[in-house]
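**Q** With the hints as constraints, model all of the structure from the sequences given.
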Amino acid sequence: MMFEPKRLHPISAVLNFAKGLKDAILPIVAIFFFNGNSEGGFLGWLPLILTGVFLLIILIGGVVKWLRFVYWIDEGELRIEHGLLFRKKRYIPLERIQSLDFSEGILHRPFQLVKVSIETAATSGLEAEAVLTAIKRLDAKELEKTIYQQKSDPSSAESDAEIIEETSRSLVYQMTTKDLILMAVTSGGAGVVISGVAVFLSQITEFLPVGAIYNEVVNWLQFGVVIAGVIAAFVLIIAYGLAVILTILRFGNFSVFHEGDDLVITRGLLEKKQVTIPLNRIQGIRIDENIVRQPLGFATVSIISAGGSVKEGADQQFKILPFIKRDQIEPVLTSILPQYELEVSPESPPKRAKRRYVFRCIWLPLLISIGVSVFFWPLGLLSFIMIPAFIGLGMLNYRDAGWNIREKQLMLSNRLITKQTYFIKKHRIQSCQFSRSIPEQRGRLSSIEVMVKTGAGKTRARCLYLDQDDSETIMSWFQTK
Amino acid sequence: MNAPTKQISKRALSLWRVHGCISTGISVIVAVAVLVLTNLFSWPVWPSLVIGAVILLEIIFSIWLIPSIRWERLRYEVREQEIDYQYGLFIVKRTLIPMVRVQHVDTEQGPLLRKYRLATISISTAATVHKIPALDETEAEELRRSISSLARVAEDDV
Numbered sequence: 001m002m003f004e005p006k007r008l009h010p011i012s013a014v015l016n017f018a019k020g021l022k023d024a025i026l027p028i029v030a031i032f033f034f035n036g037n038s039e040g041g042f043l044g045w046l047p048l049i050l051t052g053v054f055l056l057i058i059l060i061g062g063v064v065k066w067l068r069f070v071y072w073i074d075e076g077e078l079r080i081e082h083g084l085l086f087r088k089k090r091y092i093p094l095e096r097i098q099s100l101d102f103s104e105g106i107l108h109r110p111f112q113l114v115k116v117s118i119e120t121a122a123t124s125g126l127e128a129e130a131v132l133t134a135i136k137r138l139d140a141k142e143l144e145k146t147i148y149q150q151k152s153d154p155s156s157a158e159s160d161a162e163i164i165e166e167t168s169r170s171l172v173y174q175m176t177t178k179d180l181i182l183m184a185v186t187s188g189g190a191g192v193v194i195s196g197v198a199v200f201l202s203q204i205t206e207f208l209p210v211g212a213i214y215n216e217v218v219n220w221l222q223f224g225v226v227i228a229g230v231i232a233a234f235v236l237i238i239a240y241g242l243a244v245i246l247t248i249l250r251f252g253n254f255s256v257f258h259e260g261d262d263l264v265i266t267r268g269l270l271e272k273k274q275v276t277i278p279l280n281r282i283q284g285i286r287i288d289e290n291i292v293r294q295p296l297g298f299a300t301v302s303i304i305s306a307g308g309s310v311k312e313g314a315d316q317q318f319k320i321l322p323f324i325k326r327d328q329i330e331p332v333l334t335s336i337l338p339q340y341e342l343e344v345s346p347e348s349p350p351k352r353a354k355r356r357y358v359f360r361c362i363w364l365p366l367l368i369s370i371g372v373s374v375f376f377w378p379l380g381l382l383s384f385i386m387i388p389a390f391i392g393l394g395m396l397n398y399r400d401a402g403w404n405i406r407e408k409q410l411m412l413s414n415r416l417i418t419k420q421t422y423f424i425k426k427h428r429i430q431s432c433q434f435s436r437s438i439p440e441q442r443g444r445l446s447s448i449e450v451m452v453k454t455g456a457g458k459t460r461a462r463c464l465y466l467d468q469d470d471s472e473t474i475m476s477w478f479q480t481k
Numbered sequence: 482m483n484a485p486t487k488q489i490s491k492r493a494l495s496l497w498r499v500h501g502c503i504s505t506g507i508s509v510i511v512a513v514a515v516l517v518l519t520n521l522f523s524w525p526v527w528p529s530l531v532i533g534a535v536i537l538l539e540i541i542f543s544i545w546l547i548p549s550i551r552w553e554r555l556r557y558e559v560r561e562q563e564i565d566y567q568y569g570l571f572i573v574k575r576t577l578i579p580m581v582r583v584q585h586v587d588t589e590q591g592p593l594l595r596k597y598r599l600a601t602i603s604i605s606t607a608a609t610v611h612k613i614p615a616l617d618e619t620e621a622e623e624l625r626r627s628i629s630s631l632a633r634v635a636e637d638d639v
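Those protein sequence lines, which keep their order, are chains U and V. Numbering of the first sequence is given in the numbering used here, commencing with residue 1 and proceeding in unit increments. Numbering of the second sequence is given in the numbering used here, commencing with residue 482 and proceeding in unit increments.
I should point out that these hints are in silico values taken from the structure, not numbers from a laboratory. Among these hints, one or two may not hold up.
As the list claims (entries may be wrong) - Lysine-lysine pairs mimicking DSSO-like chemistry, simulated, CA-CA at most 27 Å apart:
no.: 1; chain 1: V; residue 1: K487; chain 2: V; residue 2: K574
no.: 2; chain 1: V; residue 1: K612; chain 2: U; residue 2: K425
no.: 3; chain 1: V; residue 1: K612; chain 2: U; residue 2: K351
Fair warning: this is a prediction, and the values are worked out from it, not measured in the lab.
**A** What follows is the structure, encoded as structure tokens:
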């Protein structure tokens with residue numbers, strides 16, 4: 001059982017060593033290649049010896065760290081003691097533990113081990129409250145069970161079969177292989193676009209007006225452009241391929257479970273990860289539709305959670321449905337978050353706001369084009385051909401902006417490149433702001449933004465250039481109890 | 482929806498003008514240095530002209546216009562349910578902070594603020610911090626007390 005002080009699995013000594021090596025790699029390399037004088041003898045061997053000593057210290061450090069690290073459960077607390085010279089003790093009351101996150105690296109898997117990160121409400125910044133580098137998977141399950149029992153019924157901490165039965169997990173969502181591959185292929189969205197542009201550019205140089213005087217120059221230019229284009233395309237294709245493989249490795253076997261009051265996400269082919277999100281820490285839902293996936297009808301659903309450290313899910317918005325058909329979101333989410341209504345018809349900003357959306361997208365490119373044209377006259381004028389694309393983006397931004405109020409729920413959507421739709425409950429909104437610039441004031445427009453807590457920071461949801469009356473509707477909705 | 486009505490002390494306006502004077506003073510020192518150097522080494526005239534223009538703009542904007550606009554725009558109101566706060570220069574922003582979201586309130590006072598008997602109050606929620614600058618000392622103190630008595634954070638909402 002857990003009530004005896006326990007060591008981590010010996011493999012954690014190796015993991016400590018690897019981590020120490022990673023942290024000290026620069027000095028080691030520096031020492032190794034430091035060759036003050038090329039004479040033989042003792043001085044010639046010095047770098048090698050130093051490197052050896054260094055490695056030995058790190059190795060011993062790793063082993064000692066493992067030897068001195070013990071953990072156990074006692075009096076409703078998870079107790080951890082570690083350190084050689086300074087003995088450090090950390091006692092975490094079990095009911096304070098918000099979630100246990102599991103991950104399995106390549107070294108963990110042959111020995112049925114997991115790495116456990118323990119998160120409490122106090123966890124903020126980069127580090128988890130406590131990390132058990134490598135323990136047996138069974139022990140981890142045991143730990144999870146004990147903590148759960150402690151939280152649900154502190155009086156009877158001893159194992160109770162019925163409770164365990166109740167908390168068995170049910171599968172909510174599992175990503176299909178087809179979706180996984182589609183997701184990986186569209187994940188390098190930017191890469192696809194850039195390589196497309198590169199091909200387009202190398203084509204366009206063929207059609208450049210070739211004046212007799214410029215012939216030589218243009219020839220040379222074309223050659224340069226073609227070479228650069230080919231190299232760039234090559235690099236992009238490799239980078240894209242890598243991105244695809246990495247995405248498949250990271251999101252393979254992606255499934256979401258519902259377990260008691262928690263959501264549990266497991267994913268990863270090589271390195272298995274398990275993240276637990278307590279349902280009552282969920283602040284809102286965000287749906288992302290990027291420019292490549294939106295036409296295909298796919299979206300990403302993230303959960304905005306107030307708990308946990310930043311390093312796990314990027315900026316603490318856990319992707320719970322990383323790649324899903326837009327119309328399948330609702331059935332999946334209603335089973336776990338029934339209080340959210342996702343199928344709402346948004347209200348749009350008024351027609352007169354369209355100009356402002358377009359202006360917002362083109363002022364910077366316009367300035368850049370003018371600058372480029374002045375410095376590279378007349379070829380720089382070509383930069384103006386990208387302006388229509390930005391006008392199009394502005395129109396798209398206008399089309400995708402919207403808001404909706406459904407009882408206690410606010411929906412705001414906006415797009416810069418990726419369309420983001422937020423669903424937030426009123427009691428999760430920390431503050432609500434509306435703002436009007438001078439041109440907005442003239443057009444009776446105003447922008448709305450609300451703040452929500454995320455991990456150690458905050459998330460902003462907003463919608464720009466709404467009708468004055470609509471903004472006031474939202475503000476007074478927010479004011480009423 | 483009517484804008485909040487309370488305005489901050491008139492002394493804040495003088496304080497901001499003093500801030501403007503300080504930054505203009507720094508520019509003037511730079512300008513004098515450049516003038517001296519121009520005379521000594523017969524530099525071209527345009528740097529002096531540019532700095533002269535900057536000083537003129539600073540006098541117009543940071544001493545005269547910006548403090549008055551900012552002061553005129555800045556309004557607040559503390560109600561039982563929420564704090565209503567409006568601020569801004571060219572973009573007017575209006576923020577509502579529900580009382581149940583307020584985690585704590587602080588007042589702070591630098592040396593200049595103390596000289597003018599002013600204080601800045603910052604209202605923190607779980608995610609955001611809102612600062613109302615340059616309130617009258619006693620008013621800030623009163624506000625801090627009333628907000629912290631009204632604020633009742635609903636713990637499970639975060």
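**Q** Each hint should be assessed against the structure and marked as holding or not.
**A** Hint check results:
Between the alpha carbons of K487(V) and K574(V) the distance comes to roughly 16 Å, so the proposed pair stays at or under 27 Å and holds. A hinted pair counts as satisfied when its Cα atoms are at most 27 Å apart, and K612(V) with K425(U) qualifies at roughly 25 Å. Between the alpha carbons of K612(V) and K351(U) the distance comes to roughly 35 Å, so the proposed pair goes past 27 Å and is violated.
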